[in-house]
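Chemist: Sequence:
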Amino acid sequence: MPHRRNIDIDLLRSFVTIIEVKSFTRAAERLLRTQSAISLQMKRLEDQLECRLFERGGRGVEPTEAGTLLLGYARRILAANDELVGRMAEPLVEGEVRIGAPEAFAAEHLAPVLARFARAFPRVTMQVRTGPAERLADDRAAGALDLTIETILGDRPDGAEELMREALVWCVAEGAEPEARPGMAGQPLRLVMTAAPCPIRSAAERALVDAGIPFNLMFEASSRGALTSAIGAGLGVGILPRGSITSGMHRLNDAEGLPALPDVTTVLLARPGAGLVAERLRGFLLSVFDHRH
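To get the numbering used here, take the position in the sequence shown, counting from 1, and add 1.
If you're looking for bench data, these hints aren't it; they were derived computationally from the structure. Glycine is no exception: its CB is placed at the ideal position from the N, C-alpha and C atoms. A few of these clues could be false.
Derived CB-CB ranges, DEER-like [claimed, not checked]:
#1 Ala197 - Thr65: 23 to 33 Å
#2 Pro200 - Gly160: 38 to 48 Å
#3 Glu51 - Ala261: 44 to 54 Å
#4 Pro198 - Ala81: 40 to 50 Å
#5 Ile10 - Ala196: 34 to 44 Å
#6 Asn82 - Glu221: 36 to 46 Å
Using the sequences plus the hints, can you model the full thing?
Modeler: Now the structure itself:
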């Protein structure tokens with residue numbers, strides 16, 4: 002009988018994270034480990050599988066053909082592992098939970114995590130609302146949400162627990178016209194921003210004014226998807242969380258004369274007395290995002 006090799010779940014989780022963020026360094030940050038530890042893990046994984054899993058190019062780390070094959074299996078194995086742990090731990094948890102989140106966070110980060118929770122707790126019904134911060138805050142105040150996710154700059158509200166923190170970065174389309182970029186004498190910076198009210202937009206405008214950099218608002222986006230499309234199309238300079246930059250965009254650095262930006266923090270608020278199901282989802286979210294970020 003051929004020797005059976007057992008792959009460590011932690012190796013697979015680190016591998017998937019590297020592919021998702023396209024960087025060993027950023028994967029280490031998300032997993033709260035050193036880059037050298039992540040590199041050693043991937044060397045072990047490649048040695049066990051006897052193949053090369055990564056390519057390094059101009060746009061970050063990409064999977065090889067073997068890495069792409071492994072990625073599909075790794076995601077299924079992790080999903081099955083999480084489902085098994087959840088069902089064995091508390092198989093009888095049932096009921097309803099109502100959760101609200103900003104649209105961009107729900108699409109980029111929350112949806113796959115909620116899918117894992119649903120597999121782990123199949124008797125739980127979830128109602129998920131997305132929308133602008135003001136509407137979610139009103140729903141939370143009215144008791145219509147058991148858990149609320151908010152994206153903030155600055156201090157956390159009372160009772161809020163941190164899910165993740167990301168750096169905000171200036172970005173522009175690769176190959177954008179010169180007048181869309183900073184450093185052009187006599188030319189205002191062309192900006193692509195989310196529609197007001199938006200704390201990120203307000204922080205960016207204050208930073209530009211303080212730095213004495215003139216700007217024009219070229220495009221006002223109603224959603225993160227519209228913002229990303231406008232930046233990628235070359236309409237101007239925009240701001241995104243570092244993890245939201247897509248291929249075809251170029252991150253602007255300090256040498257290009259733009260002011261520093263604050264970090265953006267995503268927090269979780271629980272309604273007092275929300276019940277067992279909400280408490281289980283709260284614990285699940287804190288555990289997953291602490292592990293990832």
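Chemist: A separate judgement is required for each hint: does it hold in the structure or not?
Modeler: Verification of the supplied hints:
no. : hint                        : in the structure
1   : Ala197 - Thr65: 23 to 33 Å  : violated (45 Å)
2   : Pro200 - Gly160: 38 to 48 Å : violated (19 Å)
3   : Glu51 - Ala261: 44 to 54 Å  : holds (45 Å)
4   : Pro198 - Ala81: 40 to 50 Å  : holds (43 Å)
5   : Ile10 - Ala196: 34 to 44 Å  : holds (43 Å)
6   : Asn82 - Glu221: 36 to 46 Å  : holds (44 Å)
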